[in-house]
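Student: All chains should be modelled from the sequences, with the hints used to inform the complete structure.
Heads up, the sequence shown is in this note's numbering, so the first residue is 185 and it goes up one at a time.
If you're looking for bench data, these hints aren't it; they were derived computationally from the structure.
Each residue gets a CB set at the ideal place from its N, CA and C atoms; glycine is no exception.
Take these hints with a grain of salt, some might be off.
[To be verified] Pairwise CB distance ranges (calculated):
{"hint": "1", "residue 1": "234", "residue 2": "328", "range": "51 to 57 Å"}
{"hint": "2", "residue 1": "351", "residue 2": "187", "range": "53 to 59 Å"}
{"hint": "3", "residue 1": "468", "residue 2": "234", "range": "28 to 34 Å"}
{"hint": "4", "residue 1": "252", "residue 2": "505", "range": "54 to 60 Å"}
{"hint": "5", "residue 1": "442", "residue 2": "509", "range": "24 to 30 Å"}
{"hint": "6", "residue 1": "236", "residue 2": "364", "range": "58 to 64 Å"}
{"hint": "7", "residue 1": "209", "residue 2": "469", "range": "32 to 38 Å"}
{"hint": "8", "residue 1": "186", "residue 2": "432", "range": "55 to 61 Å"}
{"hint": "9", "residue 1": "297", "residue 2": "506", "range": "26 to 32 Å"}
{"hint": "10", "residue 1": "323", "residue 2": "436", "range": "30 to 36 Å"}
{"hint": "11", "residue 1": "327", "residue 2": "220", "range": "38 to 44 Å"}
{"hint": "12", "residue 1": "235", "residue 2": "284", "range": "29 to 35 Å"}
{"hint": "13", "residue 1": "470", "residue 2": "399", "range": "14 to 20 Å"}
{"hint": "14", "residue 1": "236", "residue 2": "207", "range": "44 to 50 Å"}
[Stated by the list, open to error] Simulated pairs of lysine to any residue, SDA-like, Cα-Cα distance not exceeding 20 Å:
{"hint": "15", "residue 1": "435", "residue 2": "364"}
{"hint": "16", "residue 1": "362", "residue 2": "441"}
{"hint": "17", "residue 1": "423", "residue 2": "303"}
{"hint": "18", "residue 1": "255", "residue 2": "200"}
{"hint": "19", "residue 1": "189", "residue 2": "239"}
{"hint": "20", "residue 1": "272", "residue 2": "200"}
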Amino acid sequence: MWQTKSPYVTKINCSVEIPASNGCEQESFSIEFTGGNIQNCGFSTLGFEGIDPIIKLNSSSSSQGGRFLCKIQAENPFDENNCKCGWKKVTRIVGGTETGVNEYPMMCGLVDINEKIIYCGCTIISEQYVLTAAHCIENKDITRIGILVGEHDVTTGEETNATKLFLVNKCIMHPSYKENKQDDIAVCKIIGTINYSAEVGPVCLPFHHKQDTFEDNDVVALGWGLKQFGGAKSTTLQKVNLTVINLTNCKDYYHELTNSDICTYSPGKDSCQMDSGGPLLWQDPTTRKLVLAGIISKGIGCASDEPAVEKRTGAYIDWIQSITSGKNWQ
185 MWQTKSPYVT KINCSVEIPA SNGCEQESFS IEFTGGNIQN CGFSTLGFEG
235 IDPIIKLNSS SSSQGGRFLC KIQAENPFDE NNCKCGWKKV TRIVGGTETG
285 VNEYPMMCGL VDINEKIIYC GCTIISEQYV LTAAHCIENK DITRIGILVG
335 EHDVTTGEET NATKLFLVNK CIMHPSYKEN KQDDIAVCKI IGTINYSAEV
385 GPVCLPFHHK QDTFEDNDVV ALGWGLKQFG GAKSTTLQKV NLTVINLTNC
435 KDYYHELTNS DICTYSPGKD SCQMDSGGPL LWQDPTTRKL VLAGIISKGI
485 GCASDEPAVE KRTGAYIDWI QSITSGKNWQ
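Tutor: Now the structure itself:
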């Protein structure tokens, strides 16, 4: 007898090769569960999906022998009510820089509705709010801005069914941005509600990492930006792995940095033009969830020898909460 124990649904598929008998009286293979059982003998296959099943093999003393092979898998089905934020969809990735389709459910894009192009990145933080860079919405007519979620390849609508465009209710820049141009962060509220799924959902905000600088940590930047400085815009969502470096090392290139900034650098890698406003993601090693470490703000050039600067999200948590009133943050 073999008993499975799991807090999740258990899936079993078995192939059985044991002697057959009338009514399986002499030898039998069975899967027992609350409320019933599945029994068979001879050459057969059995399948089951449920909670804590028990596998039994009954044989007689005169058995001629046999064999069985079972594949048992515990599945934790996606549940938007239990998985609050920061999930990542497992996908097959082709190539080194393009993401899998909907691999990063929190990614969104700011769309110029008239031009029909994604011109900045953004990040989903709740059913109605996204974060982006303030310079992406500065002097913009919000009636011309759309929020595109669930997108991957901007040239086709066939690779995913998750894509949806929302109009914007309002966008709020950080109150200090116009004066100092340093607090390059903005919150936009959509018209409607984003329905969460495996393909679309919110990032985790760094409530437990408000003071963290993420120095020496690896992070991922996302965007549909230019692949090279002055070059063609990417048609598919791209990712690049970067390392957070000491802020002091950045001050040789940027003289007005503050503790609300993050500096990233990796040789030959960088976020590029039109990636502005997109996320800088850090995976929490304990929870494995994706946390919004920063918002892409500025860089001297694509994959240059200079570092890039992002706004450290933790420095703005209190402000984000203050303008998203009514949202019960987890």
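Student: Decide, hint by hint, whether the structure agrees.
Tutor: Structure-based check of all given hints:
no., hint, result
1, 234 x 328: 51 to 57 Å, "holds (52 Å)"
2, 351 x 187: 53 to 59 Å, "holds (54 Å)"
3, 468 x 234: 28 to 34 Å, "holds (32 Å)"
4, 252 x 505: 54 to 60 Å, "holds (56 Å)"
5, 442 x 509: 24 to 30 Å, "holds (27 Å)"
6, 236 x 364: 58 to 64 Å, "holds (59 Å)"
7, 209 x 469: 32 to 38 Å, "violated (55 Å)"
8, 186 x 432: 55 to 61 Å, "holds (59 Å)"
9, 297 x 506: 26 to 32 Å, "holds (29 Å)"
10, 323 x 436: 30 to 36 Å, "holds (31 Å)"
11, 327 x 220: 38 to 44 Å, "violated (60 Å)"
12, 235 x 284: 29 to 35 Å, "holds (31 Å)"
13, 470 x 399: 14 to 20 Å, "holds (18 Å)"
14, 236 x 207: 44 to 50 Å, "violated (27 Å)"
15, 435 x 364, "holds (17 Å)"
16, 362 x 441, "holds (16 Å)"
17, 423 x 303, "holds (16 Å)"
18, 255 x 200, "holds (12 Å)"
19, 189 x 239, "holds (12 Å)"
20, 272 x 200, "violated (37 Å)"
Against the hints set out earlier in the document, violations occur for numbers 7, 11, 14, 20.
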